[in-house]
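Peer 1: Read off the chains here:
2 protein chains.
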Amino acid sequence: MPMDSIKPIENVSLVDRVEQRIMEYIKENNLKPGDSLPKEIQFSEWLGVSRTAIREAMSRLRTLGLVESKKHRGMILKEPDLVENFEKMLNPQILDEATLQDLFEFRLMFEIGMADFVFARKTHEQIRELEQLVSESENVQCNDKHFSLETEVKFHKALYKMANNNMLFKFQRILLPVFQYVHELQKTELNYHSWGGGFTDAPQKVVTHKDLVRELKEGTPQSFREAMRMHLDPHFKRNLKNRGELL
Amino acid sequence: MPMDSIKPIENVSLVDRVEQRIMEYIKENNLKPGDSLPKEIQFSEWLGVSRTAIREAMSRLRTLGLVESKKHRGMILKEPDLVENFEKMLNPQILDEATLQDLFEFRLMFEIGMADFVFARKTHEQIRELEQLVSESENVQCNDKHFSLETEVKFHKALYKMANNNMLFKFQRILLPVFQYVHELQKTELNYHSWGGGFTDAPQKVVTHKDLVRELKEGTPQSFREAMRMHLDPHFKRNLKNRGELL
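In order, the protein sequences belong to chains A and B.
Counting in the UniProt record's numbering, the first sequence runs from 1 upward without gaps.
Counting in the UniProt record's numbering, the second sequence runs from 1 upward without gaps.
So here's chain A without its partners, still in its complex pose (with noise of 0.2 Å):
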């Protein structure tokens, strides 16, 4: 028999397959948050398992945010935070590249991609608070790389908030190290300054914060869509370039 025919033996551990039927459980008995689940002993019945296994498989579970438990009432089903895990693993430093460039281009499909949802829940009070981070920034010198930093990330989260998506808001929150980082990271391997305009080498219009702005109160969420792919150009050649995916 040649070796590519012998099918590599599943990596999958005892306490792995007890998880899994609870969570099969949970599913089949369409169980709901606040719903109690069976007893320890109940499961180690079931499965033919030992306590410890369902055991260790409750306790990562617990660790997921799926369960907790209560006082006389055991074990509970609860909705689990989804980001809240996320957030442990996104340090820049035990994330390969590939994954961190990924994670980055996610903050571009959302910035473009979002212009509807911008636009059906802006609220005048927002707007105004735009204006205001645009004017504040109008009146300091452009040299001042720290405080631009601060403004641009300033600015981009008040569109987010405008989107009023909260799993979205909480994403770009957790994701920011990330963006930070990719950043720094492709300014230090790429000459800022020598790429043409767009993505031919026709020179193309910048758009700023002001620009966008002025969409958001005249235009339509396909001409602020359009004005922030272009306020996102940047990113986007420093990103496909990287890649080596431009030129």
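You can trust all of the hints, since none of them are fake.
Each pair may be met inside one copy or between any two copies, as identical chains are not told apart.
Derived pair list, reagent style DSSO-like, types lysine-lysine, alpha-carbon separation capped at 27 Å:
1. Lys32 / Lys88
2. Lys39 / Lys88
3. Lys157 / Lys237
4. Lys88 / Lys70
What the hints contain is simulated information worked out from the structure, not anything from laboratory work.
With the hints as your guide, set chain B onto chain A.
Peer 2: Frame of chain A; chain B shown alone:
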């Protein structure tokens, strides 16, 4: 002292704090995947807590995929699989409706926002596959709902593949049950055919998969993006109407 000025007691357990300190140790010492962590007893001495607390915190980090134990080497730092844990939590029945709606909007944002990446990375082979899919679906009667959902999923999956962002591809795969769940949920709540076209009452063009393929071949990222926006228009309308933000 009025009640609202009493700060809540922080709901952080000893093991929570140990976990946090170990993560800080990893960051401060700039440890990389593959590096060994200090021994249990070492952490226990440094932090002045029991070895049981250290063991429990380590077990959590193992559950999250941040460390693994290796023979003769103890605990090793590992690059976590960002999607794996997320997947365990993505059971529509235990997430509340607001979270599911938020995640559904992620799909809309990604598909609009990924146009530039699709364009930069698409291959002729992939375009041919899309054309094949489109012509197959033309040979089937429109009323076969099951087939048309299957084609819909296949077509959009192929576009995600073209965008060639590995994280995004994994994400859309695990989000698929959420998309289908929300889709079903919204269909039952609304009369599918009762809305006018577009956000105003002006009738708008229906953009088919065939139109999208034509844009991929002959258009630009911008024209493809706007065609995709129109293709997804029923989803945008359903979503915004469902949230009381349309009409």
